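Visitor: The sequence shown maps to residues 80 to 226 in the working numbering.
A portion of the hints provided could be inaccurate.
What the hints assert, rightly or not - Cβ-Cβ distance ranges computed for the label pairs, FRET-style:
1. Ala-150 to Thr-105: 19 to 25 Å
2. Ala-150 to Arg-181: 37 to 43 Å
3. Arg-130 to Leu-84: 27 to 33 Å
4. Thr-105 to Asp-197: 24 to 30 Å
5. Pro-98 to Val-132: 32 to 38 Å
6. Ala-131 to Gly-88: 29 to 35 Å
7. Arg-180 to Gly-113: 26 to 32 Å
Calculated from the structure, these hints are not laboratory results.
These numbers come from a predicted model, not from an experiment.
Every residue gets a Cβ at the ideal spot worked out from N, C-alpha and C, and that includes glycine.
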Amino acid sequence: MNVALAGSGPAVLLLHGFPHTWELWTDVMTELSGRYRVIAPDLRGFGASSRAVSGYDAGTLAKDASALLAALGVSSAAVVGIDAGTAPAFLLALRRPGPVRRLVVMEALLGRLPGAEDFLADGPPWWFELPFRRAQPRRDRAGGPGG
80 MNVALAGSGP AVLLLHGFPH TWELWTDVMT ELSGRYRVIA PDLRGFGASS
130 RAVSGYDAGT LAKDASALLA ALGVSSAAVV GIDAGTAPAF LLALRRPGPV
180 RRLVVMEALL GRLPGAEDFL ADGPPWWFEL PFRRAQPRRD RAGGPGG
């Protein structure tokens, strides 16, 4: 697995989406590397990582990420996934919560991801609804509409 490393301090694992490579994170790595050990792999089959015949499912990609952290001697990391990197990041946190200090997921839905059923059992998390909420009318101090 090809991996870009920068900085020192608490680990941050950055998982890119499709059709990107670790280079998606170049600017982020520059900002974070002064305070963190930043780890940005090319996911299986992307960039300079090898092209396996199989194993492109989220569960296998999560195992790849876990193995990478172990190989680097990282016991705890903030894990960030964007787009197609969201599913492996989520499954890593769900199935191997020990090394995941924090989880950030962006620009993707969990859908029917194996293991997400319990997480979504009571409906989507509140933040899934934010872009769809209607603005509430402002009320002045007397309780009437206005501003």
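Visitor: Now look at each hint and say whether the structure bears it out.
Guide: Hints versus structure:
For Ala-150 and Thr-105, the hinted distance range of 19 to 25 Å is satisfied, since their beta carbons lie about 23 Å from each other. Between Ala-150 and Arg-181, the C-beta spacing of about 21 Å breaks the proposed range 37 to 43 Å. Between Arg-130 and Leu-84 the beta carbons are some 22 Å apart, a value that contradicts the proposed interval 27 to 33 Å. One distance hint, 24 to 30 Å for the beta-carbon pair Thr-105 and Asp-197, is violated here, with the actual separation near 36 Å.
Between Pro-98 and Val-132 the C-beta distance comes to about 19 Å, which lies outside the given range of 32 to 38 Å. Roughly 32 Å separates the CB atoms of Ala-131 and Gly-88, a value that falls within the hinted 29 to 35 Å. The beta-carbon spacing between Arg-180 and Gly-113, approximately 19 Å, falls outside the hinted interval of 26 to 32 Å.
Violated hints, in rising order: 2, 3, 4, 5, 7; the structure is consistent with all others.
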